[in-house]
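Starting from the known structure of chain A, arrange chains V and R on it as the hints suggest.
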Amino acid sequence: MTDLILQALFSGVLIGGVYALVALGLALAFGAMRIINLAHGELVLLAAYMAYLVESRTGLDPYWAIPLALVVVMAVSWALFVLVDKIKDHRELNSLILTFAIGIILTNAILLIFASDMRSTSSAFLQDAVSFGDLFAMRGEIIAFVLSVVLMGVLWWWLKSSWYGRAVRAVSSNRNAARLMGINPARIETVSFLVAGALASFAGVALYTMSVVQPATGHALTVKAFIITVLAGVGSIPGVFLGAVLLGVTEALTVTLASSALQELAGMVLFLLVLFLLPNGLFGARARRG
Amino acid sequence: MLELDAVTVRFGGLTALSDISFHIKKGEILGLVGPNGAGKTTLFNSISGLVKARGRITFNGTDVTGLPLHKRARAGIGRTFQIPQPMHHLSVRENLAVAQVFGAGRHDENRIDEILAVMELSHKADADAANALALQELKRLEIAKALATEPKLLLLDEVLAGLESNAKRSFMMKLKELHKLFGLTIVIVEHDIETISGLCTRAVVLNFGQLIADGSPTEVFNNPAVVESYTGTAHA
Amino acid sequence: MSVTSPATSAPVASSRFQGRGALLGAGLVILALLPLLTGASPYMLGLLISALILSGLALSWALLGNLGGMVSFGHAAFFGVGSYASALLAAKLGVPVLLAIPLGGVVATLSSIAMLPALRLSGPYFALAILAYAQIFRILATELDWLTGGAAGLQRYPGLPTLFGIDLADRAGSYVVVLACVVLFAVVYVLLRKSHVGTALRAIAESEDATRVVGVNATLLKSWMLFLSAFIAGVFGALNAHIIGFLEPDYAFSGVWSVMPIIAAVFGGYRSVLGPIFGAVVIYLFDQVIAKSLIPVGHQILLGIVLAIMVLLAPNGLAGLVRRFFTKGQFNKTSEKSHAGA
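Residue numbers (my numbering), protein chains in the order written: chain A, 1 to 290; chain V, 1 to 236; chain R, 1 to 342.
Excised from the complex, chain A in its bound form:
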């Protein structure tokens, strides 16, 4: 039993890395524009299907799909930004509905093109089991986790040290003050959506190499990303990572100890508990009251 629990913890941590990438994309767009992009999970899904496309057509390792995924997903993310930016009235509500609509469009477009079957990598290399003492993982899971951690490091460096990254932080903390400093918020919003798209590209390809995807996965990913930002607040990368790992572990433990039918329930209950009991998230303060 202890073995099973340890194994669940281990798997939860590994999937948590990818969850964190997804949530960071959502948080980045939220920080810049104060809107929740309900199509963010579908962007990740799109990247996953790019990986499937490349693998099934060329027989190449799915990681070769990253350039294609970057181009496609960042283009879609940019288009999404342009559309959201057109909203003038009741921005919060209408942007929610618009991104929701775009999510429906993307999910069904993927359904039309790739059918509703579950897809996962056929690469024997990625599916090979690797053992760490008593714990096991697929090689794909390990690579995806390492990739996620590296990307989080890159993102952290970018936000901290580059001028664009600093401007992104300035805009998310105080839009008008940033404007007074000569920053053009529209430009920063564009950059944020492009970076969110890039993160979604890596996350999607990584997800495909370690798990299964189907058209409905996108919506579920958006919800997970949202739950993570509620757990963590959108403030810090380590916070988001911890929130993501917590969600991954909770899900894995639920599957191990109860049943896989309850996996989504676990996330939802965690979400509601934190929302009502710890209104400032697990790690930091943020306003979400009306």
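Keep in mind that the hints were calculated from the coordinates and are not lab data. Be aware that a few hints might be false.
[To be verified] Quick list of in silico lysine-lysine cross-link-like pairs, BS3-like style, CA-CA up to 27 Å:
| no. | chain 1 | residue 1 | chain 2 | residue 2 |
| --- | --- | --- | --- | --- |
| 1 | V | Lys-168 | V | Lys-152 |
| 2 | R | Lys-92 | V | Lys-124 |
| 3 | V | Lys-71 | R | Lys-194 |
| 4 | V | Lys-124 | V | Lys-174 |
| 5 | V | Lys-25 | V | Lys-152 |
[Claimed, not checked] Calculated Cβ distances over 10 Å to all of chain V for the following chain R residues:
| no. | residue |
| --- | --- |
| 6 | Leu-34 |
| 7 | Ala-180 |
| 8 | Val-187 |
Please read these numbers as outputs of a predicted model, since none were measured by experiment. The beta-carbon is built from N, C-alpha and C at its ideal position, and this holds for glycine as well.
Below, chains V and R without anything else, positioned relative to chain A:
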């Protein structure tokens, strides 16, 4: 009528109000004075219930410190905002009706007409608040809305700001008229020393969140600490 | 909205209301005649019944959004609770169906009490919290199989009865029952919006602090809107359950019941009363008759496109377009009345 006992408000590490105690007698017109950032609006917010304060606020003998905003309004504490906050898509009359029905617990169109007439808004009664009103009319609507809740205590936040001196003088007369007509107790935030002297029976001075003087306008404005706080911020 | 009367100062409000009332009446007459207009085939009647169920659900969603200022992504929760509650009351306790249906609404309202803490949350947090509730209810319905029959579903429960010699279970009869409920709640909505509570809710949407400071208990009024919205959704869930005659958790709590009312209400204009009702009819028929024949799998892509276009180009929906058409040429002030449409 209103008693403040060691009222303290902190925002994070910042102390916006520290240990404010004084009391307001029924029928007074009290001037609340102080440089920008002294805590005047925060004091209004804590009396009306917009921010949570420590200490004790007693209104007409009942402790209202823990009461939510709407209950304080119903108990008789009315207020205006420095930047008028009309309900834009409602007509002027609807603005008052909401305030009356929920704040005073009754619906009386005659009374609304009376308030509209006093506040010189009758001609705009059925117009949308946001589209049809000029800034000074919005300020009068702000007061009218508070009056519709049938307050005993009225908190006025810089209602005279931006008026030239003639308009200011006639608005002061208007406030005196309201005071008598509705039997009000009034607290008014105001910078101008002359206005305070002409309008108020008493003045309280805040600086850096602390009460530094309390007395008749003449006393207060001759108080060295007050003079210093004003000249220090280039106000007088 | 004063569609016909040139606005003169004092009687504006009343003539606006009369114009709105007339439009509402005309709209409901059209709904009543719809089966005849579309040829009254049993197939078409079946579609129209489902469309009207969706109308009721969209109305309930729009009421929460327009008056309560809350976006729900989880109306399936109320719909599903209402359908199960009514079916179980009729099947296990022998409650007459026509009583069980409103009781379904009551149980849905009770279930919404669990959501009260979510009222403190703003926009997206409320929307997602309510989605979480919907998921939890669906899973509960699956897991509590001693009560609900679990994933296998529920089939043996009574349908609509015969009343005064009219068989309500018959398609024409069912249509009349559902229509009557839609009309009833539309009238309740209109009266509510016209009342002081409605005015106060509009004021809250504009500036919550300024409204509370004049004595309005904003949280209480919003709770009422949540209860009423849950009740309406529950009643239509119950109606649907007795009309189609089977229930399973994945159907009764399906995401469709959360998504379709959003599309319908936004398409029709969620700030109006007729908008969601007609939006649902148009959207449902479009989806079932046109979209499905064009794209058998993935036809919802067309709904997504319609929704995106409406949000971008006509955020006030069909009702807004109709209003713009009628008020063209009048002075601009009336078109600013975006909150006050029919």
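Hint check:
1. Lys-168/V with Lys-152/V: Distance of about 24 Å is within 27 Å: holds.
2. Lys-92/R with Lys-124/V: 61 Å, violated
3. Lys-71/V with Lys-194/R: 24 Å, holds
4. Lys-124/V with Lys-174/V: Holds. Lys-124/V to Lys-174/V sits at ~19 Å (cutoff 27 Å).
5. Lys-25/V with Lys-152/V: 11 Å, holds
6. Leu-34: 33 Å, holds
7. Ala-180: It holds; Ala-180/R is separated from chain V by about 32 Å at its closest Cβ, greater than 10 Å.
8. Val-187: Since the minimum Cβ distance to chain V is about 22 Å, Val-187/R lies beyond 10 Å and the statement holds.
The earlier numbered hint that this structure contradicts is number 2, and it is the only one.
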